[in-house]
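Asks: Residue numbers (my numbering), protein chains in the order written: chain A, 17 to 301; chain B, 95 to 421.
Since the hints were made in silico from the structure, they are not lab data. It is possible that some hints are incorrect.
As the list claims (entries may be wrong) - On the chain B side, residues computed to face chain A include the following (Cβ under 7 Å):
| hint | residue |
| --- | --- |
| 1 | Thr248 |
| 2 | Ala266 |
| 3 | Leu267 |
| 4 | Leu268 |
| 5 | Lys292 |
| 6 | Arg348 |
| 7 | Glu416 |
As the structure is a prediction and not an experimental result, all values here were calculated from the model. Virtual Cβ for every residue (Gly too), placed ideally from N, Cα, C.
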Amino acid sequence: MPDTSPMPPGPLADVAHEPCVAKPDPILVADEVRRSFGGLTAVDVDHLEVQRGVITAVIGPNGAGKTTFFNLLTGFDSPDHGSWSFNGVDLTGQASHHIARKGLVRTFQLTKALSRLTVMDNMKLGAVDQRGERLLNAVFSALWRDQEREIEGRATEILERFQLLDKQDDYAGELSGGQRKLLEMARALMVGPELILLDEPMAGVNPALVQSLLRHVTQLRDDGMSVIFVEHDMDVVMNISDWVAVLAEGRVIAEGPPASILSNPDVISAYLGSDEGADGFLDGE
Amino acid sequence: MDLISVAETALRSAFGPQAAFYALLAIGLNVHYGYTGLLNFGQVGFMLVGAYGVGISVATFGLSLWAGVGVAIVFAIALALLLGAPTLRLRSDYFAITTIAIAEVLRLLVRSSPATDLTGGPFGLQSVAVEFYAVNPLPAGLSLGPLTYPVAVTWSLLVTWTLVVLATVLVALLMKSPWGRVLRAIREDEDAARSLGKNVFSYKMQSLVLGGVIGSLGGVMYAIAGSTVNADIFRPQVTFYAYAILILGGAASRLGPIVGAVIFWFLFSFVQGFVRQAQSADLLPDFFSSGAIGGAALTLTGIGLMLLVVFRPQGIFGNKRELALDA
């Protein structure tokens, strides 16, 4: 099992366990981000800071606005109101590809393996600033061959780490569901992210592979990346997250280290509608 | 029945001018549909602006033919930008609908009477390619077994097939490059490409321009080969023939468009010749009046194409392993 840390690591030790709290070294700061679909307010986050170098879990009941919030942060949807910054740079209104290039990279709840590209091509696609991706350079392979080789080297390293190297010439569409999740994560690393947003990385993955995925996620943090992930499985959240933010009906209703979240009455009532079901919440997902 | 002569005629069309124009259209479509996943149903629109770019420059404004070719390419780029700017950000169905509409609008515009001064309206434009035939270096036409063409036709065929080869090589080089990899990624999933920092809109636009310019060269060579431009040729089915050619040869394959064009025109011409001969030999039932021959030939060609697709769904050169992943 990955390390179980009841207390948050150093930087978050002194942070109060309350929603919208300030962090000592935030990599991402969102302010008054709102998005509604017709009459339904999907996201209404007053203030959220995400600490650098830790794993932050975003949990919440179905329909809490977790994925919509991810979409907003990464430019896949535009908010009605609000602003957010990454590494102190304002990202409000930026196109999704600009946001990715700045080092904020996401994965998807429904895996988006590029089926009719090989695993290696999936990986190479992730590299940024490729000379050969400009139309005028593309015809002259001498202009990009060296860079391509270097990218391939980096891709090989990452594939090896994710145990996909022997699949490198297979089409991504031929991989199993779990392998596609791994590939998607590995591919996101090719972009060179500082903060990676994983949208339900464990969904639909068999339990044996969950352990391996968890190790990869904690490895990302140990390599110096910041991670935000959406997850429903409480065991997973308890296991690997350093900090948890709880969304319900679009709002941040609680924040704190995992242990503090389980006993938070606001969280329990958000999930179950009442305090009575606390046991069920603890036992179940 | 003289099947030999039917086959010889069919062979001549398989490598003839039509096959060559259509190969260019299909290479352009391959860039759009095969590699980028853009459902362009208006490829004939690019052929039209190519043909009229040359026609209007030469016949209406008296420019040189070579300037006309430049104008045709500029027209094609402009059409791609106009078409793509509002639609490439939308879902692909909107793009598909817009392309078919724009191509049809263009045809009706150039053919309308008020446009007569510019485009010749319903009468079209003539004497477009005098300069082209003036520089013909060939002493005589091709005569290779059944493949015999008059000298002028041989010259335009030589140039058109050369363009086909150049376009094929260019597209093959591009698709092998990281640029082509981005296009194929967009075909598979736009959002995934976006999440990896690729400017999807810009790449789709580049693909639209490239495929459109290649398609417009088909129009340029059509105008040159006949030395005339007439709006009635640019009907929507031209695009669908080009799709048939592409799928027959194998979408997203390098040689697919060429081989598809050759096979398509062989089949089409063979069936036409066959039905015509059968009718004159009184082998057909009475309800095949002479007016029904065209329809019957099209129907039989359609059946032939269906059989090819049923037994070889990936096309001649397509990749079966790739196709199986399409589910």
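Asks: Confirm or reject each hint.
Replies: Here is how each hint holds up against the structure:
no., hint, result
1, Thr248, "violated (30 Å)"
2, Ala266, "violated (10 Å)"
3, Leu267, "holds (5 Å)"
4, Leu268, "holds (5 Å)"
5, Lys292, "holds (6 Å)"
6, Arg348, "violated (15 Å)"
7, Glu416, "holds (5 Å)"
Hints 1, 2, 6, counting from the list given before, are not met by this structure.
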